[in-house]
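Enquirer: Chain F: place on chain P using the hints.
Number of protein chains: 2
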Amino acid sequence: MIERTPEQHSEKMKKKQAAHDKIMATKTQEKGLLIVHTGKGKGKTTAALGMVVRAIGHGRKVGVVQFVKGAMTTGEKTVFDAFPDNVEFKPMGEGFTWNTQDRSRDIALAREAWDEVKRMIADPAYDMVLADELNIVLRYDYLPVEEVLEAVTARSAMKHVLITGRNAPDALIEAADLVTEMTLVKHPFRSGVKAQPGIEF
Amino acid sequence: MIERTPEQHSEKMKKKQAAHDKIMATKTQEKGLLIVHTGKGKGKTTAALGMVVRAIGHGRKVGVVQFVKGAMTTGEKTVFDAFPDNVEFKPMGEGFTWNTQDRSRDIALAREAWDEVKRMIADPAYDMVLADELNIVLRYDYLPVEEVLEAVTARSAMKHVLITGRNAPDALIEAADLVTEMTLVKHPFRSGVKAQPGIEF
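Residue numbers (this note's numbering), protein chains in the order written: chain P, 181 to 381; chain F, 181 to 381.
With the rest of the complex left out, here is chain P:
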């Protein structure tokens, strides 16, 4: 860390704020964003959930499709249930086997979940659509990335689409407006602590 006096700190903060204000004044465009949360760290689904909550709080309508069981569960469900007009939650990850023998079944399930996402993207009633853990399904080739790119590219100008999951395909990152990689620095499982309500689910 560079050592600075308190005065230098404050001077730097003021300059940064002024520069930030100047830059922000030039940002006039509003548009629906394609947002990707990827990386091996925690917080991909959780940060998307935070955005969903913000949108709900602004009275927007959000569609949530869950591709992997357990990524979102009872905790957020209770909160979603308090805003029935603002959230449609489709937990579609239940039936996946990730098994060679049942590959065709998994592909059918992936397609079923994706159809829900596509419907929500195409329906003007939804301001934001979250395809939670869609990247996993893409990684396993249960769905061609081209089809996802086609749907998000064709979306209406103000619609936000959030896609989460590790190993986001390069083509998706390329197409996205906002990409955050969550990097694991330290994880409690390593020291014998189990998954807990409010933290893991």
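In short, the hints are calculated from the structure, not lab data. Check each hint, because a few of them may be wrong.
For chains that are exact copies, the list does not tell them apart, and a pair is met inside one copy or across any two.
As the list claims (entries may be wrong) - Cut-off 27 Å, straight-line C-alpha distance, at most; resulting in silico cross-link-like pairs (DSS-like, lysine-lysine):
#  : residue 1 : residue 2
1  : Lys195    : Lys241
2  : Lys270    : Lys249
3  : Lys366    : Lys211
4  : Lys249    : Lys220
5  : Lys211    : Lys249
6  : Lys211    : Lys241
7  : Lys195    : Lys257
8  : Lys241    : Lys366
9  : Lys195    : Lys220
10 : Lys195    : Lys249
11 : Lys366    : Lys339
12 : Lys211    : Lys270
13 : Lys220    : Lys270
14 : Lys270    : Lys257
15 : Lys339    : Lys257
16 : Lys241    : Lys257
17 : Lys241    : Lys220
18 : Lys257    : Lys220
19 : Lys220    : Lys366
20 : Lys195    : Lys366
Expert: Positioned in the frame of chain P, the structure of chain F alone reads:
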């Protein structure tokens, strides 16, 4: 990316799941975690907000203290308001000037906000406490990190404490159970898009 056949994919996924289940079976300890979200990317506050929502959904009581104005705003406020028994939200970031002339005022404000956090950490009624953007205040030496470490170390065994903000001090990362660094890959401000409800606030 390593090329794999679908069969290799599935085989790998099954092995990973089995290994994961085996590891999880050995994780029996439940404890309150010290969680830090840092890095220059987006999602630090949003992911913490997602954890707050999960905890609320499980009927837990959460205290939220906001150190920097605007990091959390009307979007989440509306959702918090729907669960008045579960969330106490203290937006304390309003008065900060980040100005040399008013340094003593900012220090007083930081102390006032920190006192709220300390009270929530010490009060058994709160299951989770979020000190949003506390790292900024630490970075500007408005509060000694030692005092933060002392309070989180003395907390009761089951209490979760979440601290967000870029430039988390090394000593805090050292003390934490779970640290995620949010890395910016791509940001829409760079291409002329302004902050939008549901995304930025």
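Enquirer: Confirm or reject each hint.
Expert: Structure-based check of all given hints:
no.: 1; hint: Lys195 <-> Lys241; in the structure: neither (38 Å within a copy, 39 Å between copies)
no.: 2; hint: Lys270 <-> Lys249; in the structure: within (11 Å within a copy, 34 Å between copies)
no.: 3; hint: Lys366 <-> Lys211; in the structure: between (35 Å within a copy, 16 Å between copies)
no.: 4; hint: Lys249 <-> Lys220; in the structure: within (18 Å within a copy, 30 Å between copies)
no.: 5; hint: Lys211 <-> Lys249; in the structure: between (31 Å within a copy, 24 Å between copies)
no.: 6; hint: Lys211 <-> Lys241; in the structure: within (16 Å within a copy, 36 Å between copies)
no.: 7; hint: Lys195 <-> Lys257; in the structure: neither (43 Å within a copy, 30 Å between copies)
no.: 8; hint: Lys241 <-> Lys366; in the structure: between (35 Å within a copy, 26 Å between copies)
no.: 9; hint: Lys195 <-> Lys220; in the structure: between (35 Å within a copy, 18 Å between copies)
no.: 10; hint: Lys195 <-> Lys249; in the structure: between (47 Å within a copy, 18 Å between copies)
no.: 11; hint: Lys366 <-> Lys339; in the structure: between (35 Å within a copy, 18 Å between copies)
no.: 12; hint: Lys211 <-> Lys270; in the structure: within (25 Å within a copy, 31 Å between copies)
no.: 13; hint: Lys220 <-> Lys270; in the structure: within (24 Å within a copy, 32 Å between copies)
no.: 14; hint: Lys270 <-> Lys257; in the structure: both (10 Å within a copy, 25 Å between copies)
no.: 15; hint: Lys339 <-> Lys257; in the structure: both (23 Å within a copy, 23 Å between copies)
no.: 16; hint: Lys241 <-> Lys257; in the structure: both (15 Å within a copy, 17 Å between copies)
no.: 17; hint: Lys241 <-> Lys220; in the structure: neither (29 Å within a copy, 29 Å between copies)
no.: 18; hint: Lys257 <-> Lys220; in the structure: within (24 Å within a copy, 30 Å between copies)
no.: 19; hint: Lys220 <-> Lys366; in the structure: both (11 Å within a copy, 17 Å between copies)
no.: 20; hint: Lys195 <-> Lys366; in the structure: between (33 Å within a copy, 24 Å between copies)
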